[in-house]
Amino acid sequence: MISKKDIEHLAKLARIDVSEAEKEKLAQDLQAVLAYVKTLQEADVGDESFTHFEHLETRLREDAKENDLAEARRTQQLLASAPVQEKGYVTVKNVLGK
Amino acid sequence: MSVIDLNNFTIADAKEALHGKKMSARELVGMYTSQIKKENKKLNAYLEVFEDAEDQAKETDERMARGDEPRALEGIPFAIKDNMLIEGKRTSAASKILEPYVASYDAHVIQKLRDAGAVFLGRTNMDEFAMGSSTENSAFGPTKNPYDTSRVPGGSSGGSAVAVASGMALAGLGSDTGGSIRQPASFCGVVGLKPTYGAVSRSGLIAMASSLDQIGPLAQCVDDTRAVFEVIRGEDKKDATTVSYAEKRPAQKLVIGIPKEYGLEDDIMDADVKDAWMQARKTLEQEGYETKEVTLPYTSYALPLYYIIMPAEVSSNLARFDGIRYGLSHNGKDLLEVYEKSRSRGFGDEARRRILLGTYILSAGYYDAYYAKAQKVRARFIKDFERVFKEVDALLTPTVPSPAFPFGEKLGDPVKMYASDIFTVSANLAGIPALSVPFGKGERDGVSLPLGVQLMAPWFHESTLFDAGRILEKYRE
Numbered sequence: 004m005i006s007k008k009d010i011e012h013l014a015k016l017a018r019i020d021v022s023e024a025e026k027e028k029l030a031q032d033l034q035a036v037l038a039y040v041k042t043l044q045e046a047d048v049g050d051e052s053f054t055h056f057e058h059l060e061t062r063l064r065e066d067a068k069e070n071d072l073a074e075a076r077r078t079q080q081l082l083a084s085a086p087v088q089e090k091g092y093v094t095v096k097n098v099l100g101k
Numbered sequence: 020m021s022v023i024d025l026n027n028f029t030i031a032d033a034k035e036a037l038h039g040k041k042m043s044a045r046e047l048v049g050m051y052t053s054q055i056k057k058e059n060k061k062l063n064a065y066l067e068v069f070e071d072a073e074d075q076a077k078e079t080d081e082r083m084a085r086g087d088e089p090r091a092l093e094g095i096p097f098a099i100k101d102n103m104l105i106e107g108k109r110t111s112a113a114s115k116i117l118e119p120y121v122a123s124y125d126a127h128v129i130q131k132l133r134d135a136g137a138v139f140l141g142r143t144n145m146d147e148f149a150m151g152s153s154t155e156n157s158a159f160g161p162t163k164n165p166y167d168t169s170r171v172p173g174g175s176s177g178g179s180a181v182a183v184a185s186g187m188a189l190a191g192l193g194s195d196t197g198g199s200i201r202q203p204a205s206f207c208g209v210v211g212l213k214p215t216y217g218a219v220s221r222s223g224l225i226a227m228a229s230s231l232d233q234i235g236p237l238a239q240c241v242d243d244t245r246a247v248f249e250v251i252r253g254e255d256k257k258d259a260t261t262v263s264y265a266e267k268r269p270a271q272k273l274v275i276g277i278p279k280e281y282g283l284e285d286d287i288m289d290a291d292v293k294d295a296w297m298q299a300r301k302t303l304e305q306e307g308y309e310t311k312e313v314t315l316p317y318t319s320y321a322l323p324l325y326y327i328i329m330p331a332e333v334s335s336n337l338a339r340f341d342g343i344r345y346g347l348s349h350n351g352k353d354l355l356e357v358y359e360k361s362r363s364r365g366f367g368d369e370a371r372r373r374i375l376l377g378t379y380i381l382s383a384g385y386y387d388a389y390y391a392k393a394q395k396v397r398a399r400f401i402k403d404f405e406r407v408f409k410e411v412d413a414l415l416t417p418t419v420p421s422p423a424f425p426f427g428e429k430l431g432d433p434v435k436m437y438a439s440d441i442f443t444v445s446a447n448l449a450g451i452p453a454l455s456v457p458f459g460k461g462e463r464d465g466v467s468l469p470l471g472v473q474l475m476a477p478w479f480h481e482s483t484l485f486d487a488g489r490i491l492e493k494y495r496e
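Same order as they appear, the protein sequences are chains C and Z.
For the first sequence, the numbering used here assigns the number 4 to the initial residue and increments by one for each residue that follows.
For the second sequence, the numbering used here assigns the number 20 to the initial residue and increments by one for each residue that follows.
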């Protein structure tokens with residue numbers, strides 16, 4: 004059974020705040036989905052390994068640098084999306100307390 | 020210019036009108052924008068209509084005036100689902116967490132459409148992050164079904180389906196993770212294709228579940244769907260799953276499989292949906308196709324598989340929305356609080372539910388029991404299809420167990436909502452292409468609603484779907 008405590012733990016891992024009122028409902032919802040997927044436990048898989056599509060293969064590319072102008076433009080565009088930025092950097096709060 | 024019925028107007032018709040100089044591209048776009056002005060308030064298909072649509076059409080008019088060779092989709096007005104990036108435009112995935120986000124580059128499919136001469140009319144509504152089967156999960160209000168506004172249009176690509184169905188776009192793009200193109204296509208009486216996994220690049224698509232997501236077209240008819248697919252498909256360096264391939268087509272008369280596990284012998288769909296399915300089978304037989312009953316024993320695992328693999332991938336993909344690099348950001352006393360507040364206020368109920376479920380599935384102690392096991396079952400599940408496609412060239416099933424359902428009917432009950440995808444998720448799990456074609460009508464509360472049938476084919480055999488689909492659409496009424 005998924006408990007309210009489990010929800011609190013998952014919410015912490017997923018970096019989501021969950022209100023007291025929501026916890027009960029979320030626990031029920033997750034429980035319902037997990038009950039629904041239970042049949043998989045009985046499925047016969049023999050010596051099957053992970054899913055793999057035949058047409059897919061790992062592809063590598065050169066770690067090439069873009070030309071400077073294109074790169075500078077892209078950097079600016081991406082930075083412009085950041086909610087808080089300063090002097091060409093994304094700004095964040097302190098990770099550790101002072 | 021004569022009055023044109025936009026509900027029966029196809030890409031071929033538009034090309035003829037443009038090339039024959041019976042109409043300018045600006046006039047064509049103008050017809051759609053005035054239809055949008057008339058209908059969108061009621062239906063909420065578009066979250067934003069682009070003010071520069073007519074300017075985009077100007078380029079086509081200039082090219083035509085110069086006598087340039089028309090490109091594949093020259094001047095064709097498109098509706099784009101709000102999870103594909105168009106440079107300089109907002110892209111929100113119908114989520115509060117991305118509401119302020121402006122795309123810094125074009126998605127690969129957008130670039131391809133642009134190069135083919137397409138015009139972008141606007142971005143369309145969807146379930147938040149493509150999570151849902153009704154568009155009720157949009158942070159910006161639901162889209163309504165044009166056949167009956169008390170009913171859902173399906174989802175998650177509900178906005179694009181409604182735009183095409185109600186003459187607010189000539190064609191649209193959607194994305195399909197478990198049925199999100201085909202199910203709304205079926206509910207709105209249009210054609211929808213989920214291509215083979217790897218056929219179309221997802222670069223610039225806001226990811227939901229990466230081993231299942233695929234971009235595809237929604238359109239008035241099979242030929243239009245094909246025309247769009249031919250433009251957007253192909254290899255892209257920025258999506259390592261994409262491959263280039265020659266069209267595959269079986270040489271002899273097609274054999275169509277009718278899978279028993281899709282409710283041939285039991286009651287998992289509405290009676291008129293089953294009638295339409297059987298009628299479609301008969302139609303294909305009359306047109307010279309052979310049909311035979313086949314079995315896919317792992318079918319009962321489709322939805323359970325989907326509801327493990329999808330949330331696991333969702334929880335990983337949505338970890339990037341942290342209030343730091345883009346989108347909504349809420350202030351907090353430290354970095355952790357910024358994350359937590361931004362994500363809590365930014366994500367809606369279904370997104371939160373799936374993130375927490377995926378976090379559970381991937382957490383230590385449960386990973387082997389859920390995720391690893393699901394991956395192994397999925398490998399077996401795919402083998403079912405490999406075997407059956409040695410016997411038949413394509414499979415015929417209903418697209419959805421019912422016509423469009425009323426708002427609110429399944430909203431509070433995730434498991435009930437998920438069951439709406441029962442016939443569509445298999446194609447995503449197996450990575451095969453699938454097409455929904457309108458076929459028949461079903462009456463509910465005195466309103467005649469469209470029904471759809473689905474064709475599934477082996478990997479990279481989209482052309483088989485188009486061939487059989489073209490026959491079925493001739494008998495759609």
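Worth flagging that the hints you see were computed from the coordinates, not collected in a lab.
Misleading hints may appear alongside valid ones.
[What the hints assert, rightly or not] Restricting the straight-line Cα-Cα distance to at most 16 Å, the calculated cross-link-like pairs of lysine to aspartate or glutamate (EDC-like) are:
(1) 257(Z) <-> 69(C)
(2) 460(Z) <-> 289(Z)
(3) 395(Z) <-> 47(C)
(4) 392(Z) <-> 47(C)
(5) 392(Z) <-> 69(C)
(6) 61(Z) <-> 167(Z)
(7) 108(Z) <-> 87(Z)
(8) 40(Z) <-> 87(Z)
Being a predicted model, the structure only gives us computed values, none of them experimental.
Cross-check of the supplied hints:
Our distance criterion of 16 Å between C-alpha atoms is met by residue 257(Z) and residue 69(C), whose separation comes to about 14 Å. Restraint check: the Cα-Cα separation between residue 460(Z) and residue 289(Z) comes to about 12 Å, which is no more than 16 Å; the hinted pair holds. Our distance criterion of 16 Å between C-alpha atoms is met by residue 395(Z) and residue 47(C), whose separation comes to about 9 Å. With a C-alpha separation of about 10 Å, the suggested pairing of residue 392(Z) with residue 47(C) holds against the 16 Å cut-off.
Annotation: proposed proximity of residue 392(Z) to residue 69(C) is violated, straight-line Cα distance about 42 Å (limit 16 Å). This hinted pair checks out: residue 61(Z) and residue 167(Z) have alpha carbons roughly 11 Å apart, not beyond 16 Å. Restraint check for residue 108(Z) and residue 87(Z): not satisfied, since their Cα atoms lie roughly 29 Å apart, outside the 16 Å limit. A distance of roughly 13 Å separates the Cα atoms of residue 40(Z) and residue 87(Z); the hinted pair therefore holds under the 16 Å criterion.
Hints 5, 7 from the earlier list are contradicted by this structure; the remaining hints agree with it.
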